[in-house]
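All chains should be built: construct the whole structure from the sequences, respecting the hints.
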Amino acid sequence: MGKREREAAGKRPASLAGKINRIIAVILAIGLGATAFVFAWSLVEARRETTRRSLEDQADFLYAAIENFMLPGEAPIAVAFFEDVRLLSPDYRVELYRADGRSAFSDGTTIDAVNARLGRVRFAPRDGMPDVVVPPDQARFAAATAVPPSDVFFTEVTGGRSFYRIYRPLVNLPKCTGCHGADHTIRGVIDLRADVTELALLQSLTVAGTGGGFVLLVLLLALLIGRFMRTVVVRPVREIGALCRQVTDGRFDGQVVPRSSDEIGALAATVNGMVKGLRERAQLAKYVSSGTIDSLGADGERAERDERTLLFTDVRGFTAYTERTEPERVVEVLNRLLERQSAIVHAHGGDVDKFVGDEVVAVFSGEDAARRALEAAAEIRREVEDGRGNGAYDGLRVGAGLATGKVIHGMIGSERRADFTVIGDAVNVASRLCALAKGGEVIACRATRDAARSLPFKGPFRTRLKGKEDWQIVYYLDYGTEAPR
Amino acid sequence: MSRAAKDRRRQAGADFVECSASKAARAIPATRGLPIAAVLAALSLALSCAKSEARDPLLPPDYASWRRTTAAALDYPIPGHMDDFRVIRANALAFRTVRRADPAGDVDFPSGSIVVKEAWPRGAVEGAPAKVYFMVKSPADPSARGAWVWGMLDPATGAEQVFESAFCITCHANANEKYPYADGNPGEAFRDYVFFPPGLPGADPEGYP
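Protein chains in written order, with my numbering: chain A, 1 to 485; chain B, 1 to 209.
The hints are simulated quantities; they were obtained by calculation from the structure and are not laboratory data.
Chain A regions said to be covered by chain B (calculated; three or more residues, Cβ under 8 angstroms):
no. : region
1   : 144 to 153
2   : 179 to 191
Derived contacts from chain A toward chain B, CB cut-off under 7 angstroms, selection only:
no. : residue
3   : V171
4   : N172
5   : P174
6   : K175
Glycine included, every Cβ here is placed at the ideal spot set by N, Cα and C.
The following block contains the structure:
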C-alpha cells in the first residue's frame with residue numbers, strides 16, 4: 001500500500017521514531033539472533049562432542065580389557081568385568097554382542113567352537129550372562145559388522161528418555177585366530193549407551209534461557225536506543241518542525257534550544273538564525289518601506305525610472321493641536337492615525353515610503369496604481385471623517401494630494417544612512433496638492449484622474465502650484481455631499 | 001598387546017560412520033571458548049565432508065612390476081582378506097630400508113615406502129587381480145594412521161579408495177607383536193604394521209620376482 005493509499009485509508013503515516021525503532025529492532029534481532037544461535041548451537045555441539053568422546057574413550061577401555069582378558073582365554077574375568085561395569089552407573093548400559101547380534105557369553109556356543117578348533121577341552125562350559133533384553137538396531141549393527149567395519153555413534157529416544165549410543169566393532173585380530181579361526185573378520189560389537197536425558201533437558205533449558213535472554217536483551221536495547229534516538233534526533237527535529245510551523249503562521253517569536261553540538265544542534269542553530277532574520281525583517285517593515293527592505297537583498301546602487309502614483313496625506317491644524325494637547329495624547333492619536341493610514345495603504349497594494357511628522361508619503365506602482373491610490377485616499381478620508389464622531393482622532397482632519405508620473409526610485413542617502421525612496425516632479429506635485437487640500441479633501445493631478453476615470457471627480461479646476469510656472473489642472477474626489485471649496 | 005603397540009593403536013584413533021566434526025572436536029579441550037569450538041567444528045565439518053573429493057593417485061601404475069617380499073603362497077584365510085589369494089610387493093625404497101634393518105629386527109619404513117597386496121578370489125587367480133590393497137608411508141597425510149595411508153585400488157576402473165577408518169591398522173598393529181604368519185615375530189619387533197616386511201629371516205632381502 002502506497003503513501004497516498006495509506007493516507008486515503010485514514011492510517012497515520014509512519015513517524016521517524018517508529019522507523020528508527022523498527023530499524024533498531026531489526027538490526028538487533030539479526031545481530032543478536034545470529035550470536036544467540038551460534039552460542040546455543042556451539043553449546044549443544046560441544047556437549048554432544050564431550051559425551052561422544054567420553055563414550056568413545058570408554059569403548060577404548062572396554063576394547064582393551066576384552067582383548068587382554070580374552071587373549072589368554074580368561075573369559076570368566078571378562079564376564080565378571082562386564083557385570084561389574086554394569087553396576088557402576090545406572091546412566092550407562094554396556095552390552096557385548098557376537099557378530100550375529102546375540103549376547104556374548106550367554107551360552108556355550110563360543111566355548112564349544114574353540115574347544116573343537118583346538119581339538120581338546122581347553123575351556124569348560126559355564127553359566128553365561130543373560131541374553132540382551134533389547135536387541136541391537138539392525139541397520140546400525142550391520143554397519144558396525146560390515147567389512148570394513150565402522151564405529152557407529154547415534155542418538156535415540158526410548159521411553160521418554162534420550163540416549164547417546166556407540167557400537168564399537170571387535171575385530172578378529174590375527175592373534176585371535178588361533179582359537180577363533182580366520183574365517184571371519186568381526187568377532188562382535190561393544191554397545192555403550194549413555195542416558196543423556198538430564199543433559200538434553202539442561203541443553204533445552206540453556207537454549208531456552210539463551211533465547212529468552214536474547215529476546216529480553218533485544219527489547220531492552222531497543223528501548224534504550226529508541227529512547228536515546230528520540231532524545232537526540234526525534235525530539236529536536238520535532239521542535240524544529242514546530243518552529244517552522246509557527247513561522248508559516250506568521251509568528252517569529254519562537255526559538256529552538258540546541259541540545260547538542262552535532263549536526264542536529266547545527267541545524268537548530270541555523271533555523272534559529274533563519275527565524276531571527278525573519279523576525280528582524282518583520283520588525284523592520286514597521287519602520288521602513290517594503291521597497292527599502294526589498295532593496296536590501298538587491299543591488300542598492302541601481303536606480304530606475306518608472307511611473308508611480310504618489311499619495312501624500314497631512315493632518316490639518318496639527319501644530320495647533322499639539323500645542324493644546326498633552327504630549328502623550330498627541331503621540332497616541334498620531335500613532336493611531338498613522339497606523340490606520342498605513343494599514344489602508346497596504347490594503348490597497350501601496351507602500352508607505354516614509355512618515356514625516358504627521359505626514360504620510362505612500363507610493364503605488366503597477367497596474368491600476370492611480371485607482372488604488374485614489375481608493376486608499378478615499379478610505380483614509382472616510383476613516384478620519386468618521387473618527388470625528390467618536391473622538392478617535394480628537395476631531396483632526398486629513399488632507400490628501402495625489403500625483404502620477406515618472407519618478408526615479410533607488411537608494412538615496414549616504415553610506416551611513418540611506419532610504420529606498422522616490423524623487424521626481426510627481427513627488428513635488430503630490431506634496432503641493434496635499435498642502436493645497438483642506439481637511440477632508442482629496443486632490444489629484446490630471447494624470448491621476450485620467451488613469452482612474454471610473455471614480456467620481458469634480459473639476460477640472462485650475463490652480464497654481466509653488467515651483468510651477470504654468471497653471472495646473474486638478475480634480476477633487478467627489479463625495480456627493482461635500483463640495484470642494 | 002605390547003605397550004608400544006597399544007600406544008600406536010591409540011595414535012591410530014578411530015572413526016565414525018556419520019559425517020561429523022568428531023576429529024576436530026576431540027582435539028579441542030572442553031575448557032576452550034565455545035564459539036571457537038563451533039567455528040572449528042564447522043570448518044572441520046566442511047573439511048571432513050570434502051574428503052571424498054578426488055586426490056592424486058597414491059599407487060604408481062608400475063606396482064605390478066615391484067618385487068615380492070615373500071615367496072610363501074598366501075592362500076590361507078586371514079581376517080579382512082578372507083581366503084583370497086594374495087601377493088605382497090614393495091617398492092624399491094621399502095627394500096633398501098629393510099637392508100639397513102637394526103639387529104633387533106625393528107623396521108621403520110621411510111616416507112614414500114609403499115607396500116601393495118594384490119588379491120584374487122579363490123579359484124580365479126588368472127589375469128589381473130580383483131582387488132589391490134596398498135599402504136603408503138606418508139606421515140604428513142591427514143588420512144594417515146600409524147604414519148601410513150591405507151587404501152584400495154579397483155583394477156577394473158583404476159579408482160582408488162582411501163580408508164579413513166581404523167579397521168586396517170587395527171589388524172595390522174598385530175604385526176608389531178607376535179602373530180601367526182611368516183616367522184610369527186617371536187621377538188615382538190616393531191615391524192611398522194607390515195606382516196611380511198622385506199628381508200625376513202630366511203627370505204631374500206632383494207625380494208622375489
